[in-house]
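Asks: Starting from the known structure of chain A, arrange chain B on it as the hints suggest.
If you read the sequences in order, they're chains A and B.
Take 3 as the starting number for the first sequence in this note's numbering and just add one per residue.
Take 3 as the starting number for the second sequence in this note's numbering and just add one per residue.
Keep in mind that the hints are not guaranteed to be accurate.
Put simply, identical chains are the same to the list, so a pair is met inside one copy or across any two.
[What the hints assert, rightly or not] In silico DMTMM-like cross-links for lysine to aspartate or glutamate, where the CA-CA straight-line distance does not exceed 25 Å: (1) K185 with E13; (2) K127 with D93; (3) K185 with D244; (4) K127 with E116; (5) K127 with E149.
Source of the hints: derived by calculation from the structure; they are not laboratory data.
Quick caveat: nothing in here was measured; it's all calculated off a predicted structure.
Next come the chains, spelled out residue by residue.
2 protein chains.
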Amino acid sequence: VKAQAHRFFVEPDAITGDVAALHGDQARQVSTVLRLAPGDHVVLVVAREDLDVRLDRVGAGEVTGTVVSRQPNPAEPRLALTLALPLLRGDRSEEVIEAVTQLGVSRIVPFTSERSVVRELSDAKRKRWERIARESAETARRGRVPEIAALADWASLFEVLGAPVIVAWEGERDRQLTDALPKESDAASLVIGPEGGLTDDEIALARDHGATIVTLGPRNLRSETAAIAAVALILTQSAMGDRRTTA
Amino acid sequence: VKAQAHRFFVEPDAITGDVAALHGDQARQVSTVLRLAPGDHVVLVVAREDLDVRLDRVGAGEVTGTVVSRQPNPAEPRLALTLALPLLRGDRSEEVIEAVTQLGVSRIVPFTSERSVVRELSDAKRKRWERIARESAETARRGRVPEIAALADWASLFEVLGAPVIVAWEGERDRQLTDALPKESDAASLVIGPEGGLTDDEIALARDHGATIVTLGPRNLRSETAAIAAVALILTQSAMGDRRTTA
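The following block holds chain A by itself, in its conformation from the complex:
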């Protein structure tokens, strides 16, 4: 599989034995936008496998090809990380979704809390987020697209987050993110607060649900910077543990 081949996430029914078939937007992308021809290769990604596919027929409505080889996608992190992300102003949520998808999150749970300024997630915006997640996962050469979960409020958030749950809060002074992650964990959830911060009551509720409250250090970070930096730190620390274990 050439690293630079164009990549597409497909549904399992796009592959029948060694025959691959694309329709709709993906067929149009291959034929009309990328102008690929029979003999060119693409990578189809399904069920966390990368399939090297040589194109046989290229039409605007249907593209077919032959699966030449398949391998497990090598880019998925072992740790399944869920990011609980407050709705942010302007296009800042989209910047975060793009970056944390590249970095390797498994699921994004948008939420509102007491000091949230933005409180609604329109269908149009959700569709755009899903498109950004898909395209960013393709660019990053990942084996799956992160799920964008239903909008939650603070009270319901802890019902949908898997343990361990880590909450970054500027009121915490001592406990560091890098000390909070259980070393052997296969899954974790990270909560970032909105621009106005989380209230003492909200932090108390999080503690009641067993969450660990951490600081991201002495510098005051905007929500989007905090989300990107914390996701990078957690997934890198998890990968470092894996390398030590397998070394």
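Replies: Just chain B, lined up with the frame of chain A:
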């Protein structure tokens, strides 16, 4: 010093003994935009000290106050990190400058290389970058504003970067960023490539100058995500070393 007080970076000549005086934009900000009054407090930051200042007179052209207390700014990292950042399309450079300033970089060196698409940095854009760096440093409660250095090309870049120099490159497979940083270093430089990547010749030149080439992991990151994630990792790892040393 209250964490939520408004913060301003000032020149040393704004302070005379215990008397502080603001003029120009900063006086107008205090009087007209923030509508502060005598008795309110602001934090003036100069020479990496935070000065708690109680306002005495508030005018549109001049604001004066009394320095109530001063303390070393607690938010500056020990490691002086220089980020060499390629010119990026649209406002992506500005997103990076905002985020890495919050995270704690000391200096940003914009550069162009063989595959750079954007090749010019206008005076207007540089001024905007400097404003973003200043405002982001104030928001982050830092003790200094990162410097935006002159535009460099690849050949001249290594003349202006202090050792050790770490270059993130997607062609590197084995050496990890987290293994590359000397533990005792007080300064380091990080180079992120442009969207089109760095060429083999460019990497060879970097090696000739003693740079260490690293991977940021198996997922393909856009330049802006790579810059934010790598800066977060380096400064966090440096702070972890400090905590171990002082513990």
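Asks: Which hint numbers doesn't this structure obey?
Replies: 1
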